[in-house]
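Student: One-letter residues, chain by chain:
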Amino acid sequence: MIEDSNLQPNEEARRRMRRLHKNAAESILENNTLRDALTDDDAQELLDWAMAQLKQAAEVAMLLPEETAESFMTERVTAVSRIMRQVNNLTAKLPHMATEDLQFRLDDLSAALQTLTGFAPHPTDLQQLLVNRHALDNQTIFRKLMQIITERHME
Amino acid sequence: MIETNGKFYLGRIFDPQRGETTLEPLLYDPDNLTTHAVVVGMTGSGKTGLCIDLLEEAALNNIPALMIDPKGDITNALLHFPDLLPSDFEPWVNADEARREGKSVAEVAAATAELWRNGLAQWHITPDRIRALQEGPRFAIYTPGSDAGLPVSILASLAAPDIPWEGNRELLREKISGTVTALLGLLGFKDVDPVRSREHILLSNIFEHAWSQGKDLDLSELIMQTQSPPFAKLGVFDVNQFFPEKDRFELAMMLNNILASPAFQTWIEGEPLDIGRMLYDENGRPRHTIFYIAHLSDEERMFFVTLFYSAVESWMRTQSGTTSLRALVYFDEIFGYLPPVGNPPSKEPMLRLLKQARAFGVGMVLATQNPVDIDYKALSNAGTWFIGKLGTEQDKERLLDGLASAVPGGLDKRAYADLISALGKRVFLLRNVHEKHPLLFQTRWAMNYLAGPVTRIQIPALNALAGAHMVTQSTQPETAVSATDTPASPKSATSQSEEATLPGTSSRPAIPGNTEEYFLPSNLTPNEAATQNGRSLPPHTTPLGILYRPVLLAQTHIRFLNRKYNLDHELDRTTLVPEPNPRGTIHWEDHLIKSPINPRHLDRGPLPDARFTSLEAPFTDSRTMRSLKTDFADWAYRTTEILVKANESLKVYAGPEISDEKFAAMCQEAAAEKAKAEAEKVTAQFQRKMDTLTKKLKREERELKEDEEELAQRKREELGTHAETLLSLFGKRRRSISSSLSKRRLTAKAKADVEESLEVIAELQEELAQLEEELKTAIAEIENKWAEIAADVTEIPVTPYKKDVDVTLFGVAWFPYHLVETDGRIEELPAFAPTE
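Keeping their order, the protein sequence lines are chains A and B. With the first letter of the first sequence counted as 1, position 12 gets the number 12 in this note's numbering; the numbers rise by one all the way through. With the first letter of the second sequence counted as 1, position 320 gets the number 320 in this note's numbering; the numbers rise by one all the way through.
In isolation and in its complexed conformation, chain B is listed as follows:
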């Protein structure tokens, strides 16, 4: 038993020095196949055995595979018999060969079973491994254009792809071109030039017209539209000038002949060419699906191969990126499909897959026995080359030349030539870019019985052996979604009939150049959306996905700068216009929304599986959109003003960001300062007067003191004089009476002086008190005055400068709506609400 650890057991290392196979197994990393592989070898080189080995290993590792089998060899991949009984082999051994050898079929079958048992044992392959192969993927053989195997309908190839037109325009145009070329090939047109052929141009335009609107085409519709195209002009010419009606009728008749042909019915019956279904069955089990095309004519083969690769490409684009091998796409003989010269319809999709499939984990394996007729430049993306025995020196030379041109930096041709010359049957040179050196190996014994090419009549038996039958429904595990799992996906939650009734299409309409495109995020659940609209959803509401409707999003950022008002204020004005007037007149103020939209909060792209309504004018007209933008900027400039709070007396100003309360406090503070200053000034004036009075008062008080002292002195003197006069009446000396009277007069005068001073002092004190009272009154008046001034607030409108009006968002915004089914009706609930 070989331990492979998830690698492909393809054989054993071959020692070219000794010319013998070693015991060292060749284990190949399947992820290396994401860079594709090419198998080259002449008839009898063991190429088919190697390819069957490769496919067996893929099956054992649960890697699904699609195989194109132009010769019937690859159908051998169904001939695995775990018990290795002669009876297993008997239906498949070559009866003619048995006859020629003079043996019965049973004898040959027994010998073959024995041969296989021994062969497998030599390569350490046990029946368990064959059983694992049998229990692995589901095998089936499809026969396009025939019901010998499972029929496959190519009509799906005419349906609009699941990927949106916008963003995939180039790819889809290439797909259209390939499909139309293949279709014309089927009608007998040879070497069709997509740029010159009017048939090609007409049919391509019909496809593009339908697919860009998410509409499917079928052959009947294609025939009808060929007669009456859904457009009036092609380029600058009228359709009738470019392709007259009579000629179009002829082309339509040719198409109709195909449709009417009984033989063609098998092309449009059976399972659709749905790659997802061909890779996984309804239970998520991988499939190995063989498309047997040996019975088809060259034109039919080319037609199918082109449609097949285009279908693979479309499917691939809907997958997530991966570095692991997700699926194998095998083509058993690419001769004529990827030539170095010429451009058959199959070449373009094959080239694109060779370039791009790696990113999606899709490995292409291309086999040929004709190394002369392949495009080596195209194969420069192939990371693995399996080179077997070649028929002629010319083949070897051509291969080496091609390989050298395909390998970056070239290769050592001589060394490779020597190695290739040493190749025998079932010995291959492996050149793997993931390994440093090339090596030789001998392929292991195939677990499947290599019966050789199978004819069409054997296919039903092969399908019966594999239990193959039509798959009615399938799910891929990687994208598996049940109805309850992903209501976000319309397709997962809706039946085909509902799909038809849902508004919009799955294709995103193209936005004209120079017009910005935005995606508003879906930030509400259906329930939240209903609640925001003041209602509740009934039970059993089924979400059917997201529908995007275009709205005109316009947002401007305006800055107000004013030195006088000490103003530096910014604001945004945002409008969402659901259905702008097609002529381009919009009342912007009717569509203002409260919260601005932060560009950083917008989605970068649409949600997957979303639907889109169509774009109408003015969205489709760049000129109108440009003039609307100018109109919006002008409207914002003209109508936007802010009110500055102002107290002109205090020279206090503030923008809208300052509240009334705060501004009142600012004014009161400023007024208080003013009042304080004025009060200080008035107080100082009063103080000067009061100081003068105080000085006077002090002087009067001093004078009073002196007067009082004078009075006291006079009184003493007067008393003395009286005494002397009285004594002189009794003594010798006589004092005159007049002297005494004089003293009295002096006393009276002094007394009068005192009284006068007292009066003056009283007057001065009164005056001082009055001044103090006046000061108090003056200060109170000042305070009252400034309080009144503080309350005198006005609002001054300020408009922006034009240069300060900046349109930050303007264009088509896709507004998400939840599509929900309630009570049999389909409703739309806005899934976006601006956030603060």
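Next comes chain A alone, as it looks inside the complex:
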């Protein structure tokens, strides 16, 4: 019987990543400007999404050499906070936003999502948000944004 052990990151890499992951999670959790316009339930949902993203990023970063793992995580944390900032802003202000501001924020959300996941949201989803914004209430906007930022991963 021949058995091989799987390729596994060593304990030191795990420790390093736990630290990076913890720092990343803290920086998101402690920054209330990323969710201050949301209801408690919505804020929790957005935070749960963010924490899942950071966990996934940390798992990938664990496989990277030390000198690049940190910058890799920083890039991901920045993208996560950009997405949260835009979801927070758009949920609060979308119906009253000038078209160019809204377009800019949606574009920024899209770019950050690409950085984070490698996938861009479908332009139609963003366009619908832009066109229908006056008919949407905050809760609906939040739901649509959450759909936009989560749905691509399931494709």
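Some hints here could point you the wrong way.
[What the hints assert, rightly or not] In the BS3-like style, the derived pairs of lysine-lysine whose C-alpha atoms are separated by at most 30 Å in a straight line are:
#1 K55/A x K355/B
#2 K355/B x K22/A
#3 K7/B x K55/A
#4 K681/B x K695/B
#5 K689/B x K651/B
The hints are simulated quantities; they were obtained by calculation from the structure and are not laboratory data.
Starting from the known structure of chain A, fit chain B onto it as the hints suggest.
Tutor: Frame of chain A, contents of chain B only:
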């Protein structure tokens, strides 16, 4: 038809006990390739067939691939014919072999077509699958240094990479080292030691100087800078001492000879070695790109392979992490490129990719027929080994030794040896770390016609067969961004000419050690930024991305503690200094901002694709920065004071957090209490006097009553005496007149007593009333006095203790600006505004 469910159909399980192939298909999970694969097998083992199978399956699953083909075998990946017609095969069958066998080419082609049809049918592969392969990725063959295939320019390899210098310094230095070693190899330098070779050191420094500032290099620029380096010193020596001008001229001439050589023109013409473009075409369709290098000399091959892997690595670093297989990078014969001893330039980038590509979903597949000359330690990261028939016992022993050293925990050499000995043609041992046990399998029939090595002159026909042509523009679906999609990305929204005119560079300047680096968040849109500046943006304003400019961010947290004033107050003082004086003198008060910056609200890193202006002094000087920090702390200590509201008479104090109204109310309350106490005291004094008077009054009233009774008695007595006297005038007994007079005197006296008492009572009552009036007046005075005291508020300045001045933020903060194009002009709009 085989159901693969997204897995690679590579063949069927081989039963070593029975020595025959079973009907069970071998389905291999492509994601396992993210931990890389090594294919080992002697000539004739079926190694090329297996690799072509692997690449076909990748193509069917829309996984793009880059292939280095040093022998010309892998070009066979373009020979797929869904109709399996003899005419399809005819141009590719071996005419010499046909002649030798006494057959016409058409006959051999027909036989080959028949053979392929039958072969594929035996493996349940239908023409539909071949058609799917044909309609899958775009195939193309590139020929570096030759225009037989599509030419590829290596000049892009000299351009500054898209990833920032800072944060990737080590990687980019390694890339520079590999590029320079490869370049020197091309000049004929052998066994160049990057640490000792002055040529290597000089060229590496030229690259580093350019790339760290985000500047591209080309060969002309490299030649010019070799003669006149853009720096004066190398280490502690002057450049001229380290590498005299005459010698530098010689090196420059050697480089120039390459540039001037007509043969070299094909190296700098054609498509740039842009990995993103080589993986996906302009419509996002995956590509299978073959780099045919069979025609190159050993030095040229090494040069290209090094540049190729460095380019893959740079591209990879710009991708997001993933656990799925994103792309395959295949090298058909690694002999000489990853040796166990020696350090050819190709080895370092290959080693780094083997270690890191997994995180980015890039699978490396390395094939060799020479198991003796590979670095097994480097291959310990390979999760899959395909081991085919080996030529000699020595090869087997070396492979097993290497494999044992590469596998954590070792392996059962004897069992593996037995299995390898049982391998026949097209039978491979599969060791996959994702599976518990190794197994044997026979490779399936390749859908492509395995015509054998293709020569350079056949390549144009192969490219024509695949419809391959130069790609002028390409987009990767994973990072695809249109101009309207991501104005946040400067590169996506700007043309190359605009790129050149944009301020700053895409490389983030290095911050000196010990200096903190912060990133202010971009929290305004361009429109909001313009509105904040009291203007509006014209229509058709084009956002061109983010430009970071360095500012000096200094923030201090100061605590005021004072027991006397019952004070515990905290405040922050924040300054953003856009262009600090290079000599390090700053008027901090001129740069104060209203709202403090919460460190938790800062970004952890820059926005992607942002540009940066250069860092000037004092940012570049750690010592000046340190002294500025001390100066800032000192300034904060000296100039920060708060005013404590004080009512010294009442001993009431409050810090700045208490409003004037609230403090007035506090004073009034305290004064009212004081007034009440004083009034009670005065009232008590008056009360004592009033009590005395009241007692006197009561006594007088009692005396009055007695006097009145006395008077009444006297009056009765006097009346009786008068009557008796009068009667005695008419009776026998006589009463003297004097007795009557005496009674009258007594009555008069009693009357006088009553009157006196009444007077005293009246006096006492008046006195009492006066006292009450005085009391009222005294209380009113007390109240007035304390009201005046309550209004007597002063402000007392309080300064902090030095120990309570804490510098919480100090360093270089990258301030984001939106770059926008309005009416043909490029403007910068501040993208950050402090939040309350």
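Student: For each hint, tell me whether it holds in the structure or not.
Tutor: Now the hints, each set against the structure:
Between K55/A and K355/B the CA atoms are separated by roughly 21 Å; this keeps the pair inside 30 Å, and the hint holds. With a CA separation close to 25 Å, the supplied pair K355/B and K22/A stays within the 30 Å bound. With a C-alpha separation of about 27 Å, the suggested pair K7/B and K55/A falls inside the 30 Å cut-off, and the hint holds. With a C-alpha separation of about 21 Å, the suggested pair K681/B and K695/B falls inside the 30 Å cut-off, and the hint holds.
Our distance criterion of 30 Å between C-alpha atoms is broken by K689/B and K651/B, whose separation comes to about 34 Å.
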